[in-house]
Amino acid sequence: KAGVTQTPRYLIKTRGQQVTLSCSPISGHRSVSWYQQTPGQGLQFLFEYFSETQRNKGNFPGRFSGRQFSNSRSEMNVSTLELGDSALYLCASSLGLAGTEAFFGQGTRLTVV
Amino acid sequence: KQEVTQIPAALSVPEGENLVLNCSFTDSAIYNLQWFRQDPGKGLTSLLLIQSSQREQTSGRLNASLDKSSGRSTLYIAASQPGDSATYLCAVNPPGTASKLTFGTGTRLQVTL
Chain A
2 KAGVTQTPRY
12 LIKTRGQQVT
22 LSCSPISGHR
32 SVSWYQQTPG
42 QGLQFLFEYF
52 SETQRNKGNF
62 PGRFSGRQFS
72 NSRSEMNVST
82 LELGDSALYL
92 CASSLGLAGT
102 EAFFGQGTRL
112 TVV
Chain B
-7 KQEVTQIPAA
3 LSVPEGENLV
13 LNCSFTDSAI
23 YNLQWFRQDP
33 GKGLTSLLLI
43 QSSQREQTSG
53 RLNASLDKSS
63 GRSTLYIAAS
73 QPGDSATYLC
83 AVNPPGTASK
93 LTFGTGTRLQ
103 VTL
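Protein chains in written order, with our numbering: chain A, 2 to 114; chain B, -7 to 105.
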């Protein structure tokens, strides 16, 4: 079965711009979570969506937002980009039930110049 | 606040050696613990999932154990191969959430010929 698909794989944006990243979960999975990975901070949780509702949110500024559609696909948006937003953004897909396994996509590498 | 630590941060071993990677967490109230591997610039590949009620899980040459009361998990890799070279990450899933993982700092493994 198809895995988690993230698009695009690479992005270069200018400071002040905004960006939208997309994640298509495994078929049948209703939960999508987003993480930011940087060399200095490691992997940090951004937010989780389940059945179109945000269920959990990490400690990130309001410039980071997301949504989930009825087909479980999710988008993440970052507005007013800063140099420090350069990172690998990963999304994870799961059934959304407590204790179930999370499967990750290949990530989107965002570079802000 | 849950904190996850992995020791050592980096490890280099010759091919064929058995090795153990360590993961410790500060709050024993977890739903499960998951081990992942990450190749440079890539996403995370799930290796093993241990539920909080389990003591260990095995998959091929990999064996993961969990001691929830002491806040420790180990990943044992038997007969290491150059293809095992990657960064290994452990992550815990706290109760009350389905997909909000707290990640460790990772162990970068290099298996040499």
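These are computed hints drawn from the structure, not numbers from a lab.
Among the hints, erroneous ones may be present.
If we take Cβ atoms under 8 angstroms as the criterion, some of the chain A residues that face chain B in the derived model are [as the list claims (entries may be wrong)]:
hint, residue
1, A3
2, P9
3, F46
4, N57
5, F61
6, P62
7, G63
8, A99
9, F104
10, G106
11, Q107
12, G108
Far from chain B by the CB rule (all over 12 angstroms, computed), these chain A residues [as the list claims (entries may be wrong)]:
hint, residue
13, S34
14, Y50
15, R74
16, L84
17, T101
Note that beta-carbon positions come from the ideal geometry of N, C-alpha and C, so glycine has one too.
Which of the numbered hints are not met once you compare them with the structure shown?
1, 2, 5, 6, 7, 13, 14, 17
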